[in-house]
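Residue numbers (the working numbering), protein chains in the order written: chain W, 176 to 291; chain X, 107 to 432; chain V, 11 to 286.
Among the hints, a few may not be true.
[To be verified] Quick list of in silico lysine-lysine cross-link-like pairs, DSSO-like style, CA-CA up to 30 Å:
(1) K241/V with K182/X
(2) K427/X with K178/V
(3) K427/X with K416/X
(4) K254/V with K182/X
(5) K232/W with K268/W
(6) K145/V with K394/X
(7) K165/V with K427/X
(8) K115/V with K191/W
It should be emphasised that the hints constitute simulated quantities derived from the structure, not laboratory data.
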Amino acid sequence: MEETSFYQEYEVFSKKSVKAPIQHQFSLLAPNEDMALTMALENFMRREDVLDVWVVKRSNIRAMTSEERMNWTNRLDNKDYRKTKGYGYLRQKWKEKEQGMLDEKEIMSWKEVKKK
Amino acid sequence: MYHYIEYGSSESPHEDQEKYERFMERIEAGEKIEADDWMPDDYRQSLIKLISMHGISEIMGALPEKEWVPKAPTLKRKLGIMAKVQDEMGHGQLLLRVAEDLMKPYGKTRKDLIENLLKGDLKFHNVFHMPTRTWADAGMVGWLVDGAAIISQTNMLDASYGPYQRALQRICQEEVFHAQHGEAIIMALAEGTEHQRDILQESLNRWWPSLLMFFGPSTADTTGTSKQDIMIKYKIRKSNNEELRQAFLDKYLPRVFSLGLTVPDETVHYDEEKGQWVYQQPDWNEFKQIIKNNGPRSKERLRLREIAYKNNCWVREALSKEAVGS
Amino acid sequence: MERGEEEMIESAEKAKQDPIYLNALKDLIYQLADDDFIISFRGSEWLGLAPHIEEDVAFSSITQNTMGHALMFYNLLEELGEPEADQLAHERQSNVRKNAIYFEKKNGEGHYTEEPYYDWALTVVRNFLYETFKKVKLEAITKSSYQPLANVAGKVLMEQPYHLAHWKIWFNQLYHSTDEAHERLQARLLEASEEIGDVYELGHHATEMEHFELMISEGTLRERWLNEVSKTIQEFPSIDIGKKFGSGREGDHTPDLNQALEILSEVYESDKDAVW
Numbered sequence: 176m177e178e179t180s181f182y183q184e185y186e187v188f189s190k191k192s193v194k195a196p197i198q199h200q201f202s203l204l205a206p207n208e209d210m211a212l213t214m215a216l217e218n219f220m221r222r223e224d225v226l227d228v229w230v231v232k233r234s235n236i237r238a239m240t241s242e243e244r245m246n247w248t249n250r251l252d253n254k255d256y257r258k259t260k261g262y263g264y265l266r267q268k269w270k271e272k273e274q275g276m277l278d279e280k281e282i283m284s285w286k287e288v289k290k291k
Numbered sequence: 107m108y109h110y111i112e113y114g115s116s117e118s119p120h121e122d123q124e125k126y127e128r129f130m131e132r133i134e135a136g137e138k139i140e141a142d143d144w145m146p147d148d149y150r151q152s153l154i155k156l157i158s159m160h161g162i163s164e165i166m167g168a169l170p171e172k173e174w175v176p177k178a179p180t181l182k183r184k185l186g187i188m189a190k191v192q193d194e195m196g197h198g199q200l201l202l203r204v205a206e207d208l209m210k211p212y213g214k215t216r217k218d219l220i221e222n223l224l225k226g227d228l229k230f231h232n233v234f235h236m237p238t239r240t241w242a243d244a245g246m247v248g249w250l251v252d253g254a255a256i257i258s259q260t261n262m263l264d265a266s267y268g269p270y271q272r273a274l275q276r277i278c279q280e281e282v283f284h285a286q287h288g289e290a291i292i293m294a295l296a297e298g299t300e301h302q303r304d305i306l307q308e309s310l311n312r313w314w315p316s317l318l319m320f321f322g323p324s325t326a327d328t329t330g331t332s333k334q335d336i337m338i339k340y341k342i343r344k345s346n347n348e349e350l351r352q353a354f355l356d357k358y359l360p361r362v363f364s365l366g367l368t369v370p371d372e373t374v375h376y377d378e379e380k381g382q383w384v385y386q387q388p389d390w391n392e393f394k395q396i397i398k399n400n401g402p403r404s405k406e407r408l409r410l411r412e413i414a415y416k417n418n419c420w421v422r423e424a425l426s427k428e429a430v431g432s
Numbered sequence: 011m012e013r014g015e016e017e018m019i020e021s022a023e024k025a026k027q028d029p030i031y032l033n034a035l036k037d038l039i040y041q042l043a044d045d046d047f048i049i050s051f052r053g054s055e056w057l058g059l060a061p062h063i064e065e066d067v068a069f070s071s072i073t074q075n076t077m078g079h080a081l082m083f084y085n086l087l088e089e090l091g092e093p094e095a096d097q098l099a100h101e102r103q104s105n106v107r108k109n110a111i112y113f114e115k116k117n118g119e120g121h122y123t124e125e126p127y128y129d130w131a132l133t134v135v136r137n138f139l140y141e142t143f144k145k146v147k148l149e150a151i152t153k154s155s156y157q158p159l160a161n162v163a164g165k166v167l168m169e170q171p172y173h174l175a176h177w178k179i180w181f182n183q184l185y186h187s188t189d190e191a192h193e194r195l196q197a198r199l200l201e202a203s204e205e206i207g208d209v210y211e212l213g214h215h216a217t218e219m220e221h222f223e224l225m226i227s228e229g230t231l232r233e234r235w236l237n238e239v240s241k242t243i244q245e246f247p248s249i250d251i252g253k254k255f256g257s258g259r260e261g262d263h264t265p266d267l268n269q270a271l272e273i274l275s276e277v278y279e280s281d282k283d284a285v286w
């Protein structure tokens with residue numbers, strides 16, 4: 176009897192709304208991916224909206240090792256050039272020229288342009 | 107997804123000492139330990155013991171309440187208690203997954219957990235060895251037994267072990283529903299007919315000793331072993347057994363009395379000076395017997411689990427190969 | 011009441027105006043409610059005993075949904091002047107229940123609290139056959155002349171596809187796995203084919219149901235159901251379907267239903283004055 180191979184590990188991910196990213200939920204044991212998928216929904220999302228579910232066999236995920244997590248995820252705080260913070264002086268410059276700053280709030284509000 | 111350091115690795119004790127110090131620094135700083143991080147052996151062992159017992163207790167705990175699922179008195183109660191017992195099975199699922207990942211370095215799986223339970227090596231919580239005789243017992247389990255469980259589980263919400271902490275977070279959120287589900291059953295009985303109030307009081311009388319025993323003895327002197335110190339040292343839980351019991355009495359005794367119920371201990375009172383509840387100790391010898399699977403319903407509950415496991419063996423066997431089509 | 015081609019009955023008040031219409035309508039709803047109720051009762055007995063924990067949790071959601079559907083149908087009856095839902099579920103004797111007999115069959119040997127030798131093959135076969143049937147019957151009912159019923163059928167069909175898919179996966183996977191599993195399923199299929207013949211019957215009011223366009227005919231229902239089943243099981247008989255124990259739609263039942271009623275009404279009956 177090879178009962179142990181019934182218990183395959185699957186990681187379960189789900190998506191709550193169209194705007195939400197897919198999110199890790201938990202893991203479950205199932206004999207194959209179709210079974211994993213049919214069980215995933217009611218095991219982890221009984222009380223929340225769900226639009227999509229992924230199941231991924233755990234052995235197919237190349238995650239960081241413990242050591243990699245510790246060694247690869249530390250960053251120096253010297254990367255202002257990569258963020259708007261490094262360009263903050265522009266606000267004053269534009270102000271002198273009587274122009275507003277095109278900051279995140281402004282740019283993200285450009286969803287609609289004037290109809291011609 | 108996780109990568110494990112082999113158990114009994116050949117690393118020198120010196121290196122282990124360094125790792126141990128680093129580990130303690132991390133948990134002192136409130137960091138979470140993950141399944142594939144280095145951890146001291148007694149940390150892993152204690153977690154396996156704690157979490158597998160916690161998980162299997164959820165699975166075994168579903169059985170006493172489940173007796174009342176098909177019998178629940180209205181459609182809404184049938185649905186409510188079904189959802190609640192389903193959650194208990196679900197909590198078992200979450201916790202066993204956490205325990206299974208910890209056991210991986212030893213090559214152990216779900217199968218071993220269930221078989222250890224059936225052999226009597228893996229124990230389940232004392233409270234689930236008791237009979238549920240009436241519908242009021244279904245309410246009592248939902249209200250006070252779950253209330254006690256909430257006290258002990260919320261105490262571990264900051265546990266240093268990440269996967270356990272995350273499972274507990276999910277579990278405790280669902281417990282809020284359980285608490286209200288239990289209260290709703292109790293409230294209807296307490297405000298109900300004479301028969302309903304009678305079965306409620308009778309149920310509380312029977313459950314009282316089990317509720318006191320729920321958190322375990324205050325010290326190891328009573329039963330010989332206690333893991334409470336190591337659990338606190340490794341920041342898995344915060345409070346000891348007696349502190350948890352007092353917190354339970356604090357939260358629930360005033361509610362018990364407000365419903366016009368009594369507890370079968372005339373000495374129970376709150377000592378204002380000491381700031382704690384005074385109560386008669388339950389029979390700890392009985393406790394010892396119960397946790398050895400010699401409780402009133404231990405054998406029957408294990409038998410149910412055994413039948414469910416063995417009788418469905420053909421199903422798991424059938425799907426052990428990659429299934430064709432679907 | 012003469013029915014015109016497109017007349018819709020929008021409310022309980024309107025349905026109550028014609029006793030012949032009303033009786034046919036109530037009988038149809040009883041069938042739907044009692045089927046869902048007894049299937050979900052059998053499901054609730056399984057809780058905690060399924061082949062593995064993850065399935066136990068998933069199965070219980072389906073059971074809860076199904077009991078929720080029963081409640082919606084009982085509520086429709088209440089609107090039509092029948093007693094309230096809990097009375098309908100807990101008090102009615104077996105001879106007035108309208109579920110198909112196969113659905114009341116015990117889950118296997120034993121009792122859910124003692125020696126429950128429940129059979130997963132029976133559960134997979136039964137639930138698969140039930141959900142295929144429920145799908146075609148409710149699809150037909152979405153076009154029913156009684157608008158409130160058509161609306162409920164539409165709602166139920168929103169969550170029912172998951173149930174059907176779940177049992178289809180179980181059936182297909184076990185059926186095509188080991189010889190043992192295949193044989194167990196086949197034996198249960200054979201048993202079903204001998205007993206399930208009352209499922210597509212519409213009972214004493216069949217003619218009126220068709221006449222008032224409450225429902226399609228028995229023949230069409232049967233044909234659609236078998237067609238749906240054959241998408242998954244080619245071997246399921248299309249001619250020799252028996253009804254060994256009679257017709258549940260006409261109130262025939264087995265002792266298994268009484269066993270179920272005794273359990274499910276035990277607390278309810280213990281204090282009839284009580285509010286639970």
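For this session: If any of the earlier hints don't hold here, list their numbers in rising order.
Result: Violated hints (numbers, rising): 1, 4, 5, 6, 7 and 8; every other hint is consistent with the structure.
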